[in-house]
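Input sequences plus hints: build the corresponding full structure.
Numbering (the working numbering), first residue to last: 1 to 66.
What the hints contain is simulated information worked out from the structure, not anything from laboratory work.
Every residue gets a Cβ at the ideal spot worked out from N, C-alpha and C, and that includes glycine.
Hints may contain errors.
As the list claims (entries may be wrong) - Label pairs and their computed distance ranges (CB to CB): (1) D48 / D25: 32 to 42 Å; (2) Q24 / N47: 15 to 25 Å; (3) E5 / N47: 13 to 23 Å; (4) L64 / Y3: 15 to 25 Å; (5) E27 / A51: 28 to 38 Å; (6) E45 / Q23: 15 to 25 Å; (7) Q23 / D48: 29 to 39 Å; (8) Q23 / L2: 30 to 40 Å; (9) D4 / N47: 28 to 38 Å.
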Amino acid sequence: MLYDELIDTHNDAILNYSLTQVQQDEEAAIWLTILAFEKLWLQMEANDLPADISTWLRHKVDDLLR
Numbered sequence: 001m002l003y004d005e006l007i008d009t010h011n012d013a014i015l016n017y018s019l020t021q022v023q024q025d026e027e028a029a030i031w032l033t034i035l036a037f038e039k040l041w042l043q044m045e046a047n048d049l050p051a052d053i054s055t056w057l058r059h060k061v062d063d064l065l066r
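Okay, here's the thing in structure tokens:
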């Protein structure tokens, strides 16, 4: 699966998840989403795709908030 397809498929769900994690702060949610996808890109370069991409991205959002 191409990276752009992954973004198209998962962007809305991860953005909505990010919004719930930062109490509806849209700017913070957008940055969290961008960073989570950047981490996915790095993961794809180093390893295979995660088995469950949605869950993996949500975990990355949570990690970024720590």
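Evaluation of the provided hints:
no. : hint                  : verdict
1   : D48 / D25: 32 to 42 Å : holds (33 Å)
2   : Q24 / N47: 15 to 25 Å : violated (33 Å)
3   : E5 / N47: 13 to 23 Å  : holds (18 Å)
4   : L64 / Y3: 15 to 25 Å  : holds (19 Å)
5   : E27 / A51: 28 to 38 Å : holds (31 Å)
6   : E45 / Q23: 15 to 25 Å : violated (33 Å)
7   : Q23 / D48: 29 to 39 Å : holds (34 Å)
8   : Q23 / L2: 30 to 40 Å  : holds (33 Å)
9   : D4 / N47: 28 to 38 Å  : violated (19 Å)
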